[in-house]
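J.: Given the structure of chain B, go ahead and fit chain R onto it with the hints provided.
Protein chains: 2
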Amino acid sequence: MSSEIQLTPIRGIPEIRPGDDLGLMIARAADKMKFKITDGDIIVVAQKIVSKAEGRLVNLESVTPSEFAVEIANKQQRDPRLIEVVLSESANIVRSDDHVLITETKHGFVCANAGVDRSNVVGKEWVSLLPVAPDDSALLLKTRFAELLKVNAAVVITDTFGRAWREGLTNVAIGVAGIKPLKDFRGKTDDHGKELSATVLAVADEIAASSGLLMRKTARIPVVVIRGYYFDHGEGSARELVRLKERDLFR
Amino acid sequence: MSSEIQLTPIRGIPEIRPGDDLGLMIARAADKMKFKITDGDIIVVAQKIVSKAEGRLVNLESVTPSEFAVEIANKQQRDPRLIEVVLSESANIVRSDDHVLITETKHGFVCANAGVDRSNVVGKEWVSLLPVAPDDSALLLKTRFAELLKVNAAVVITDTFGRAWREGLTNVAIGVAGIKPLKDFRGKTDDHGKELSATVLAVADEIAASSGLLMRKTARIPVVVIRGYYFDHGEGSARELVRLKERDLFR
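So the protein sequences, as listed, match chains B and R. According to the working numbering, the first sequence is numbered sequentially starting from 1. According to the working numbering, the second sequence is numbered sequentially starting from 1.
Excised from the complex, chain B in its bound form (with noise of 0.2 angstroms):
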């Protein structure tokens, strides 16, 4: 039935190194599984193997940490150096106790270590930052997709943040292409008549939450299809879902 919505998991994308063509490895594994990308499918995207192909990796070997992290590191029982990276991906400190450090990146997301991450990194003292523009970096995914596949397929680029008041993490988007992240029913009516409140919803955030379902930590599947959601084509940006500071009542 064609209202039904299909996450389809990509597998067997190898290990990503810094300088590699995402775009290409994304596709060549979809073929490898006779999995056919095609127009108005969206490609959700692990934000771990876009910051490697990014070579958006520190050395933390490299890093001499500021009297602050160290500060902040001794409270935390932390790494100082890992500390001072995720400082200076930061543009404020939004919360931090002894355990927990949430900062707002510089791209304007609020999210514990400023997406800073050890995991899923070669290299026992490597770890991740988010990709510098991550709009930019799905943008050139979605340009590399059409001209291999010759599909006009939305790009969602992920990362998994923590919340205020609920535990657990869930996945979130960081980046858009092709897609508009927000959709707004202000104005229209329910059923009944009655006018919708307050309804604006986040579908990029519900798209990469859907794909959380299939990217888990310790499975390799990076890239997940969404195939059947139609959704507002057009040029947005994932910075739309950031609410802005003067708007938020938890800052």
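It should be emphasised that the hints constitute simulated quantities derived from the structure, not laboratory data. The model shown is predicted, which means the values in this text are computed figures rather than measured ones. Just to be clear, a hint being listed does not mean it is correct.
As the list claims (entries may be wrong) - Here are some of the chain R residues that sit facing chain B, going by a computed Cβ distance under 8 angstroms: (1) Gln-6; (2) Asp-136; (3) Glu-246; (4) Leu-249; (5) Phe-250.
Just so you know, even glycine gets a beta-carbon here, dropped at the ideal spot from N, CA and C.
T.: For chain R alone, coordinates are given in the frame of chain B:
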């Protein structure tokens, strides 16, 4: 391919009234679509129809607002009777300004207006409240599907909540049955032998969010069946998704 996930919207569910056998009505609608619910499916149900079936509806004409409700209503230019209902559903006010009223519900959920909502309810003066015990509501549905369809399917009840830091609403889980809402990867290692950090995933919220792609506000799709997601069976509670106040840096 068996590793895919399918999301199927259940259409043709009639307007739900207090006392309706919701499980039966969902089963009938699926049957009419020739869609066979099977073991391992996750049946995601919008809070609104659960609340309606349970009679969690209030006529604002029957409400006398307190002085405090009037005060907030004046400040926010909203209906004082609605504010009164919100306050009566709340354990605490978390934040309030000239526009929004974010409270902790009696269940512990943090959301705007304690989940009280005017839209998609018959009658201009009627509003819907969240179910009193959404886990119990989910279990009742799960049991009904077992009776009617002889299936062991999980049930997730969802509502659409806002978030701190990010624009737009997403579907989250407010009740679960037959599925553990969190998946804990702590102590497991990545492909490179490094321990995964901070990886408790809110799978029930990712399930809810994915259903949100099909439960559009103006379309009459209050139920989505998710197939092909291999989850941790067992008794859980959506309360596990609620961060305890002592652990929450944003309350």
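J.: For this structure, which hints from the list above don't hold up?
T.: Numbers 2 and 3 - these are the hints that the structure violates, sorted from lowest upward.
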